[in-house]
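Guided by the hints, dock chains S and V with the ligands onto chain B, whose structure is given.
Chains B, S and V, in that order, give the protein sequences.
Position one of the first sequence corresponds to residue 1 (our numbering), numbered consecutively onward.
Position one of the second sequence corresponds to residue 1 (our numbering), numbered consecutively onward.
Position one of the third sequence corresponds to residue 1 (our numbering), numbered consecutively onward.
It should be emphasised that the hints constitute simulated quantities derived from the structure, not laboratory data.
Be aware that one or more of the hints could be misleading.
Using 20 Å as the maximum straight-line C-alpha spacing, the simulated EDC-like pairs for lysine to aspartate or glutamate come out as follows [to be verified]:
(1) V:158 x V:64
(2) S:56 x B:191
(3) B:100 x B:204
(4) S:56 x S:67
(5) S:56 x S:92
(6) B:91 x S:67
Examples of chain S residues toward chain B, derived with CB under 7 Å [unchecked claim]:
(7) 5
(8) 6
(9) 8
(10) 9
(11) 12
(12) 16
(13) 19
(14) 20
(15) 24
(16) 27
(17) 29
(18) 91
Output of the computed footprint for chain B on chain V, the stretches with three or more beta carbons under 8 Å from beta carbons of chain B [unchecked claim]:
(19) 20 to 28
(20) 44 to 54
(21) 90 to 96
(22) 99 to 108
All residues carry an ideal CB built from backbone N, CA and C; glycine is no exception.
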Amino acid sequence: MMKVITGAWRAPAAWVGRSAVGTAAGMGRFGQFLAGIGHALTDVRTWGPALVAQMGRIGVASLPIALFIAAFTGIVLALQASYTFTGAIPKYFVGVLVGKTMLLELGPVLTGLALAGRVGANIAAELGTMRVTEQIDALETLGYDPLAHLVVPKVMAALIMFPVVVAFANAMGIVAAWATALNLLDMTTPEFVRGLRLFFVPFDVTYSLIKAASFGLAVATIGCFFGFTTWGGAQAVGRSTTQAVVLSSMVILVLDAFWAVTLL
Amino acid sequence: MSMSNEVRVGAVLIAGIVLVVVGTIWLQGWRIGREDQLVTAWFREVGQVQRGNPVKLRGVHIGRIEEISLDAGGSGVAVRMSIGSDVRMPEDPVVLLSMESLFGDWQAEIHSRARFPLYDYAVSPEPDGIPGYSLPDMSRLTAVADRIAENLAVITDRVDIAFTDETALNIREAIDNIQRVTGQLTALVEAQEQTVRDVAVGLETTTETLQQAALSASRTFSLIETAIADGQLASIVGNVDRLTAQIDTLSSALVLVSRDMGGVTESADSAFASLHAIVSALDRGEGTLGLLLQDTALYRDLALTSSLVQDLIRDFQRNPRRYINLRVF
Amino acid sequence: MSIVLDGVAKRFGTAVVLNGVSLEARDGETLAVIGASGVGKSVLLKSVVGLIRPDVGTIQVDGELVTELRRQDLYNLRRRVGYVFQFAALFDSMTVEENLAMGLSRVPGLSLAERRERVAESLRLVDLEGFGAQMPGELSGGQRKRVGLARAVAIRPKYLLYDEPTTGLDPVTKTVIDRLILRMREELGVTSVVVTHDMTSAYRIADRIAMLHAGRIRYLGTPDQIRASDDPVVRGFIDGRPELMQEPVT
Ligand SMILES: Nc1ncnc2c1ncn2[C@@H]1O[C@H](COP(=O)(O)OP(=O)(O)OP(=O)(O)O)[C@@H](O)[C@H]1O
Ligand SMILES: [Mg+2]
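Just chain B, same shape as in the assembly (with noise of 0.2 Å):
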């Protein structure tokens, strides 16, 4: 059987096997991961205490980056939509188009890829490091389940803090938009109002802090995986922490087209 595959065809051929089993290596090293996540979720006595301190770093340190990401979002989306809509659609619009879209989209996506790269990377990057540096292995040494003690705080820290800091872009994005209709689209603000309520439903809001949700979980739990399994030196955190940035990216994408196509 394996003698058909001959010549020129032998090299793709190890190729594809070896992605294969590569992919699906690390799939089972990250389910495996994932279970002892899950296994040490039970021992809150220790990661409960480093919580408060992770959604500290996670979710408010964030809160620059994502308000000036969203402000501009907000601004340009207010602008955009009065120039697709010139003359025909009433201004109102502006208000309908900027609040669907900072809710549905922009927002939670936006901020979820920003912080895919500023939280993402920075606990790749601090895994990375205390597992090249043997810090991981010190805090078995002293009976720490690095597991419980380091990522769990981070995964239930970016869980929680990511759906509060979409809700601070999404208003952020929605005034700063409000304030562009006042002052460069002669809105008034009972105009941009009107369309922001038209087709709201309080849906629009649990969805996008879903959406958030689920980013948060995938972001820090990526990183926290690519970070754990460096082996090597600086440029292997280099290495994780471009991985993780790159992965969290993408797994935010395709998480917002299944939440839209089950959710929505």
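The following block gives chains S and V with the ligands in isolation, referenced to the frame of chain B:
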């Protein structure tokens, strides 16, 4: 250091939760602390109405649509609306669903039945349910009107080309006048949409007159159609004459509709009068209307226009109010 | 109680690092493990505390089978084992004191005052009084190494595993550390495994010395025996003559 971090995280967390809760309530239109009453209206169908659309009384926003559900029997739709508890319902209330603007946002308006007695309201299966009627979607009407306007434009162009002598110049001038008047009418209707809405009651009383006028107009158009098909120039001339008379009737009906349109209809009158003069001139053998008949393409357009006008008139009869709201081509 | 390795083998990918290592550190004994760089000494030491899981073989510490232990029991066992890392592995986000306290907070029944006392005492042992508030990044390599050692002994373990505790230290500090290792055995009856390159140190502290070579224990004996050994590999290593270590292909 660690304490201040805890305080910061706590503050952000609380602020975030408050933001989400308050923001959601605000976006829903601040309905907290306001006592609401729930009323249900019944419809045969509800068009594009959605949850959250506004409920209005005399043009004032008094609540929103909370729930739309098919009646168990499937014969009707129940629309539940929450409105301020201090709102007093009018005598014998009815609910009309209509478009709030041209862009798909609908509204529910509460009226007294005496105001719009003609609509075919659904009967509520519950004793305290309100009868309702959903106004038809305007988009179909708009499409027809647009096509007619287009065809008319083509015909006017062709007529412009077909006549080269003095009569033609006169006709062109008359057509220009009609175009101008049409433009003015359109502009007026757009500018005066609210006024026209207000006089909708007046319109109800004149509907009958309009219907008669429209019927005559429809007869006239079909006469034009047969005349052209038969190639009978003389009868065309006669029919155009009668058409002009019918248009005069129509325009006087419009005068009834709105005082504000008086000025414009006056100029319309003069435009139609000059058209009338031209037709008389044609009657005396001046000019070459035969040219019009040699152009089969023009004939087709005319025939098509005529049938479109009939369509429009039928719609017009059914929903005179929407039609006047929309545009005069 | 003792540390017993039986037939331990470990490979990473295709590289065989350990290939059937059997070794015992008897109760109260200090066993030195010597061997060339990259031969797998750190891997061996990490296997003892379950940081690396061998592919084959069993490891027994304090009567418990490390290779079979459930997660929780493994963590309990680790509280009885101090580990001195080759590159100190200090938590660089914590001060020296906090580093030391990390292990202590896992020891049941210690009051806060007792913990402070332990931290201070352990720092004194390695001559680093007054460095408690420093961050690891502010210390020299040798100082960090001593903090790592202090952190391992602070929990008063029954077993101590040292991964090259004296490498990179000046001769005086080296002697201080060697004395500390001896003291741990004498005063606390600790059983130790010391991985080292440094023969002077090995002769000074070890009851027995094992040499790891090509994935196996090449030689095991007292310092006097190993000094007198005529095994070419052992001689080559001790005398620093690599040419002796090239074994003829058999
Ligand atoms: N987690 C790991 N994954 C892959 N290879 C590893 C891993 N840990 C160790 N190795 C490999 O095992 C071999 C032995 O490494 P080890 O650190 O035990 O050497 P050593 O004897 O301690 O050397 P040194 O005296 O320089 O510290 C090395 O080739 C190393 O690359
Ligand atoms: Mg080593």
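Hint-by-hint comparison with the structure:
1. For the proposed pair residue 158 of chain V and residue 64 of chain V, the alpha carbon gap of about 14 Å is at most 20 Å, so the pair holds.
2. As the CA atoms of residue 56 of chain S and residue 191 of chain B are separated by approximately 17 Å, the hinted pair is consistent with the 20 Å bound.
3. Restraint check: the Cα-Cα separation between residue 100 of chain B and residue 204 of chain B comes to about 8 Å, which is no more than 20 Å; the hinted pair holds.
4. For the hint linking residue 56 of chain S to residue 67 of chain S, the alpha-carbon distance of about 16 Å falls within 20 Å, and the restraint holds.
5. For a cut-off of 20 Å, the pair hint linking residue 56 of chain S to residue 92 of chain S stands: about 16 Å separates their Cα positions.
6. Restraint check: the Cα-Cα separation between residue 91 of chain B and residue 67 of chain S comes to about 28 Å, which exceeds 20 Å; the hinted pair is violated.
7. Taking 7 Å as the C-beta cut-off, the interface hint given for residue 5 of chain S holds, the closest approach to chain B being about 5 Å.
8. Restraint check, residue 6 of chain S versus chain B: the minimum CB separation of about 5 Å is within 7 Å; hint holds.
9. A hinted interface residue such as residue 8 of chain S counts as satisfied when its beta carbon comes closer than 7 Å to some beta carbon of chain B; here the least separation is about 5 Å, so the hint holds.
10. Contact between residue 9 of chain S and chain B, as hinted, is supported at the beta carbon level, the nearest pair being about 5 Å apart and thus within 7 Å.
11. Evaluation of the residue 12 of chain S hint against chain B yields a held restraint, the C-beta minimum of about 5 Å falling below 7 Å.
12. With 7 Å as the threshold, the beta carbon of residue 16 of chain S comes within range of chain B, its nearest partner Cβ sitting at about 4 Å, so the hint holds.
13. The criterion of a C-beta within 7 Å of any C-beta in chain B is met by residue 19 of chain S, whose closest approach is roughly 5 Å, and the hint holds.
14. A hinted interface residue such as residue 20 of chain S counts as satisfied when its beta carbon comes closer than 7 Å to some beta carbon of chain B; here the least separation is about 5 Å, so the hint holds.
15. A least Cβ separation of about 5 Å between residue 24 of chain S and chain B falls short of the 7 Å threshold, and the interface hint therefore holds.
16. A cut of 7 Å between beta carbons decides the hint on residue 27 of chain S: the least distance to chain B is about 4 Å, and the hint holds.
17. Below 7 Å, beta-carbon pairs count as interface contacts, and residue 29 of chain S has one with chain B at about 6 Å; its hint therefore holds.
18. The criterion of a C-beta within 7 Å of any C-beta in chain B is not met by residue 91 of chain S, whose closest approach is roughly 30 Å, and the hint is violated.
19. Remark: the segment 20 to 28 of chain V is not confirmed as covered by chain B, as 0 of its residues place a Cβ nearer than 8 Å to a Cβ of that chain, below the required three.
20. Counting residues of the segment 44 to 54 of chain V whose beta-carbon sits less than 8 Å from any beta-carbon of chain B gives 4, enough to reach three: the coverage restraint holds.
21. Against chain B, the segment 90 to 96 of chain V contributes 3 residues with a C-beta closer than 8 Å to a partner C-beta. That satisfies the three-residue criterion, and the hint holds.
22. With a threshold of 8 Å between beta carbons, the proposed coverage of the segment 99 to 108 of chain V by chain B holds, since 3 of its residues qualify and at least three are required.
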